[in-house]
Amino acid sequence: EAAVTQSPRNKVTVTGGNVTLSCRQTNSHNYMYWYRQDTGHGLRLIHYSYGAGNLQIGDVPDGYKATRTTQEDFFLLLELASPSQTSLYFCASSDAGDGSDYTFGSGTRLLVI
Amino acid sequence: QQQVRQSPQSLTVWEGGTTVLTCSYEDSTFNYFPWYQQFPGEGPALLISILSVSDKKEDGRFTTFFNKREKKLSLHIIDSQPGDSATYFCAASDTGNYKYVFGAGTRLKVIA
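Residue numbers (the numbering used here), protein chains in the order written: chain A, 6 to 118; chain B, 6 to 117.
So that you can see chain A by itself, here it is in the shape it has in the complex (with noise of 0.2 angstroms):
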């Protein structure tokens, strides 16, 4: 079964940190992106991709990194992690079709002390 699976599933860390979430797709899905969810927000576009090697800005993309290295797998770097960054977050992935919809994972909490 196609599938987005993140890891690790909780993190802690320190201010100032550095802090690397995973995120592989089995989907054979062209785009993958990375969402920040907070209350009252929703889920925001942070970094996505529609292939290896490619970078594209998201709406809030500020202290984060990303890199895609293969089209299953997509990276989302903090290098110096803040107390702002605390949140939930989902990477999903979708097929470079006709708008066709998200495959969301399962989501890493983090936790910026």
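Any given hint could turn out to be false.
Computed footprint of chain B on chain A, listed as stretches where at least three residues anywhere in the stretch have a Cβ under 8 angstroms from a Cβ of chain B [to be verified]:
no. : stretch
1   : 53-65
2   : 83-92
3   : 108-115
Simulated from the structure, these hints should not be mistaken for laboratory data. Using N, Cα and C, we set each Cβ at its ideal position, and we do this for glycine too.
Starting from the known structure of chain A, fit chain B onto it as the hints suggest.
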């Protein structure tokens, strides 16, 4: 920034009742509107979607309505069940753009 406004923020409904969630948007280029359902501890999952060429789409107990003139859409859940308790997100995009803009979500609780 493009916005999709969703209301209410939270809602409690009795089992068997009808739930109505609404969204409005600003960008006239949006032509595709999915609704996602999210249970605690899980990622959102597609519930139902509608294109702007339609004004209504039904899937079992779930119906979404679209009003292009007013730039509004709604999700109706008839015979609401405790298992429908979840957070619901509306989203919008144009079909040439693979980015969605999401609403802030509605947390629904259905009481037996």
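Structure-based check of all given hints:
no. : hint    : verdict
1   : 53-65   : holds (count 4)
2   : 83-92   : violated (count 0)
3   : 108-115 : holds (count 4)
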